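Residue 1 is where the sequence shown starts when you use full-length UniProt numbering, and the numbers rise one by one after that.
Quick caveat, the hints were computed from the structure, so don't treat them as lab data. One or more of the hints may lead you astray.
Simulated pairs of lysine-lysine, DSSO-like, Cα-Cα distance not exceeding 27 Å [said to hold, decoys possible]:
no., residue 1, residue 2
1, Lys40, Lys192
2, Lys102, Lys151
3, Lys151, Lys169
4, Lys39, Lys61
5, Lys151, Lys25
6, Lys39, Lys192
7, Lys88, Lys40
8, Lys39, Lys102
9, Lys40, Lys54
10, Lys54, Lys25
11, Lys61, Lys102
12, Lys25, Lys61
13, Lys39, Lys25
14, Lys88, Lys39
15, Lys54, Lys39
16, Lys25, Lys169
17, Lys192, Lys54
18, Lys169, Lys192
19, Lys25, Lys40
20, Lys102, Lys25
21, Lys102, Lys54
22, Lys192, Lys61
23, Lys88, Lys102
24, Lys54, Lys88
25, Lys151, Lys61
Here the structure is a predicted model, which is why all the values come from computation and not from measurement.
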Amino acid sequence: MGFINDLRLYLVTDEQPNLLPRVEKAIQGGVTCVQLRRKKITDDQFIEEALQVKQLCRQYKIPFAINDRVEIAREVEADWLHIGQEDKGILYARAIVGGMTKIGVSVHSVEEALEAERSGADYVGVGALFPTSSKPDTIPLHLNTLRSIRKAINIPIVGIGGITEEMIKQVPPGIVDGFAIISSILSDQDPKSAAIRMRSVMEQQC
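Please take these sequences and the hints and turn them into a complete structure.
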């Protein structure tokens, strides 16, 4: 299983109930990795849920990622860790989780992307590409910036923010290695079918 291919349909969890059944259906529809992103629960609750989602990912043989919570990523032995610009930084994260955990970094500019690569990031999440309800104050990134980031770095790129079937079609083929998606899959009444549709559209762009 190639690392770049693992990023193709990158599912990020939401804050809604009944998470595990929805995540499993999404995996069955073709999700290639799952990131647990939960801002509104305690560390103990996060650990409990992380172990459940990790077990589900193991069952389907796909990578499991933790968002932001570096110490928990180490405790539950997550495959990947994803951090933002406001966090303590990749060097701190690497010191905590060690060399076996892949680390992704959210970036919004060429300069941030270059710094992430220099610091040892395994991939970057670039965005938000489009308006997104998960971060309503975010100003969408111009596609020219995305093109510039692609030219500047050699590590994989995941497009994030407001990703829908129609929005994927607006991203020129070959610029990103995958798309990170929340509501377009998990808020659908049938996450499996939504993932199948997204995977079909996405594979024409990556």
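Right, here's what the structure says about each hint:
1. Lys40 to Lys192: This hinted pair holds, its Cα atoms lying about 26 Å apart.
2. Lys102 to Lys151: 22 Å, holds
3. Lys151 to Lys169: 20 Å, holds
4. Lys39 to Lys61: The given pair, whose Cα atoms are some 26 Å apart, holds under the 27 Å limit.
5. Lys151 to Lys25: Roughly 36 Å between the alpha carbons, so the hint for lysine 151 and lysine 25 is violated.
6. Lys39 to Lys192: Holds: lysine 39 and lysine 192 sit about 25 Å apart, inside 27 Å.
7. Lys88 to Lys40: 20 Å, holds
8. Lys39 to Lys102: It holds: about 21 Å lies between the C-alpha atoms, which stays within 27 Å.
9. Lys40 to Lys54: 19 Å, holds
10. Lys54 to Lys25: The given pair, whose Cα atoms are some 15 Å apart, holds under the 27 Å limit.
11. Lys61 to Lys102: 16 Å, holds
12. Lys25 to Lys61: It holds: about 14 Å lies between the C-alpha atoms, which stays within 27 Å.
13. Lys39 to Lys25: It holds: about 23 Å lies between the C-alpha atoms, which stays within 27 Å.
14. Lys88 to Lys39: 17 Å, holds
15. Lys54 to Lys39: Within the cut-off at roughly 18 Å; holds.
16. Lys25 to Lys169: The given pair, whose Cα atoms are some 24 Å apart, holds under the 27 Å limit.
17. Lys192 to Lys54: 19 Å, holds
18. Lys169 to Lys192: It holds: about 20 Å lies between the C-alpha atoms, which stays within 27 Å.
19. Lys25 to Lys40: 23 Å, holds
20. Lys102 to Lys25: Distance of about 25 Å is within 27 Å: holds.
21. Lys102 to Lys54: Holds, at roughly 15 Å.
22. Lys192 to Lys61: 17 Å, holds
23. Lys88 to Lys102: Given that 27 Å is the threshold and the Cα spacing comes to 16 Å, the pair holds.
24. Lys54 to Lys88: Holds - the C-alpha atoms of lysine 88 and lysine 54 are around 24 Å apart, at most 27 Å.
25. Lys151 to Lys61: Cα-Cα ~32 Å, so violated.
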